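Since the structure of chain H is provided, determine the placement of chain D on it from the hints.
Going line by line, the protein sequences match chains H and D. First residue of the first sequence? That's 10 in the working numbering, and the numbers climb one at a time after it. First residue of the second sequence? That's 215 in the working numbering, and the numbers climb one at a time after it.
By construction, these hints were calculated from the structure, which means they are not laboratory data. Please read all numbers here as calculations on a predicted model, not as lab measurements. Glycine included, each C-beta is placed from N, C-alpha and C at the ideal position. Any given hint could turn out to be false.
[Stated by the list, open to error] If the Cβ cut is set under 8 Å, some of the chain H residues that face chain D in the computed set are:
1. L93
2. S102
3. V106
4. G113
5. F114
6. I121
7. A237
8. I283
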Amino acid sequence: MSELFVQLLLNGLINGCLYALVAAGYALIYNTTRVFHVAHGVAYTAGAYLSFYFLVRLGWPLWASVVGAILLSGVLGASMEWFLYAPLARRRSSLLVAFLSSLGFYTAAINIVALVFGNETQVLRAGVSGTITFGGVIVTKIQMAQALVAGLVVAALLLGLGRSRWGRIIRAVRDNPELASVMGINLFAIRTAVFAAGSSLAALAAVLSALDVGMDPHIGMPALLTAAVALIIGGIGTFGGPVLGGLLLGLVQALVVWQISARWTEAVTFAVLILFLVFRPYGLLSRRQRLEEQAA
Amino acid sequence: MNYLWHIVNMAGIYAILAMSLNLAAGYTGLLSLCHAAFYGLGAYTATLVMVDVGFDFLPALACALIVTALLSLMIALPSLRLRGDYFVLATLGFQIIVFSVLYNWVGLTRGPYGISGIPVPKFFGLEVDSVAKYALFTAVVGGLGLGVLWLLAHSPFGRLLRAVRDDELAAAALGKNVTHVKTIAFVLSACFAAIPGALFAGYMRYIDPTSFTLTESIFIISMVVIGGAGNFAGPAIGAVLLVLLPEALRFLHVPDSVAANLRQVVYGILLILLMRFRPQGLIGEYDFE
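This is chain H alone, in the form it adopts within the complex (with noise of 0.2 Å):
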């Protein structure tokens, strides 16, 4: 048992890593702007084709492949905020109508890419194979990369949220939006700046997982319903908490495949997020939030 059951935690740590770098880039999304923003998975979608675009179609090298997809995930996210929010907020719709707009251009979004790229399978092979074994544990180098990668961006976001200037405005217009633009920061400078982050970072995830399993038009809501999942049970209102969320989950996945099958690791995701809706909806990480944004 032992050895099978630390590879799966392993791989479910791994896939957990991935998980929070969507999260992180989501929750920097929701918790500035409070957008329900399902359009979050057509920057992850795009970011694994238009790096399968460089690398495969144009046949540019790997890192030029990465930074071109991660910076034009950026744009789109910024765009999505201009043409599809902004005006939204600017008119103070509810959040139900964002979200109805965030849905459709999800919807046509995706099904532009399929019309495009086509609905079946592409990889991405990027040249980097071979595995590292530790007692008698594999690690794929792509694996070793996922982790690495996702850590490091986790952290330095992270880190950077807690300490600098612009972590402070960010947190700033998250506590209290009027307020934040009372003291002269720029609300739609802030949110175009938060949507092209988290979308970039989005795209980044996608790619590193695109590179071990391949892409298809519809990746891209999985990847969001996990992340809007991890945000959750982490905690809304909180940066720290997603990313705790997006590894536990990575790690809840491994046991059902280990206990019961991979076909039901969607549906259990979905059964710890109602537990949580409804025995702590204010997540792991709790801050106390104002009665009116309380989940319950």
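Chain D alone, transformed into the frame defined by chain H:
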């Protein structure tokens, strides 16, 4: 001719489905993302009872209503304690769980293989064995359901639903039990979705889980939003429009491989434009603000 009757059937089934979601989303303000799950529960319960137990259509429909009512109550109790986007997320979770069960519980639902050999529905001894007859059948069964829905929407209870939607606090201050009202609306809305579910199963005579996905839930929401929420006829108009749209693409000679994706692109863009410029939909009375 059969082609036209087929469109009439699908438009009818989706119109009832969209109008049932409207009870929760339009009248009560509960934007539920698990409506396809209830549609699927209705279809699967009716099918299993018809195929494995040998019931006729109408008793099978009754079973479907009971099962859907019980399961939607189980979903309503935890979800309705939540508000706003938390509620939406919880219903999304249930949509994924129900789909997962339909897909993976092979022993009961035959999983991805689906269930074939659903018998031709009998309606008081008459076999509904042609597409045209089925359209009439859909109209009669659906019409009965919609009659009940109309009475509900225009009763004092319907007014109470709109009151809860427009100002929950004020409704509570007037002594109304808001959670209670929402729960009843949610369960009724789910039950009305089981009717088109059973009709769909009897019509296609084969069902599999791919008809009841999250995408389908989004599709039903689009119908309600595009036609207009909170208005009795709005969702029906949305449903007819969205069912006719792919047929229009067919006449433009768009190849089938492209048509499926292109259709979704059009739905998505419609949704964005409506939310931006006309959030109440074509003839709606409620704009989700």
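To see whether the hints hold, each was checked on the structure:
| no. | hint | verdict |
| --- | --- | --- |
| 1 | L93 | holds (7 Å) |
| 2 | S102 | holds (6 Å) |
| 3 | V106 | holds (5 Å) |
| 4 | G113 | holds (3 Å) |
| 5 | F114 | holds (6 Å) |
| 6 | I121 | holds (6 Å) |
| 7 | A237 | holds (6 Å) |
| 8 | I283 | holds (5 Å) |
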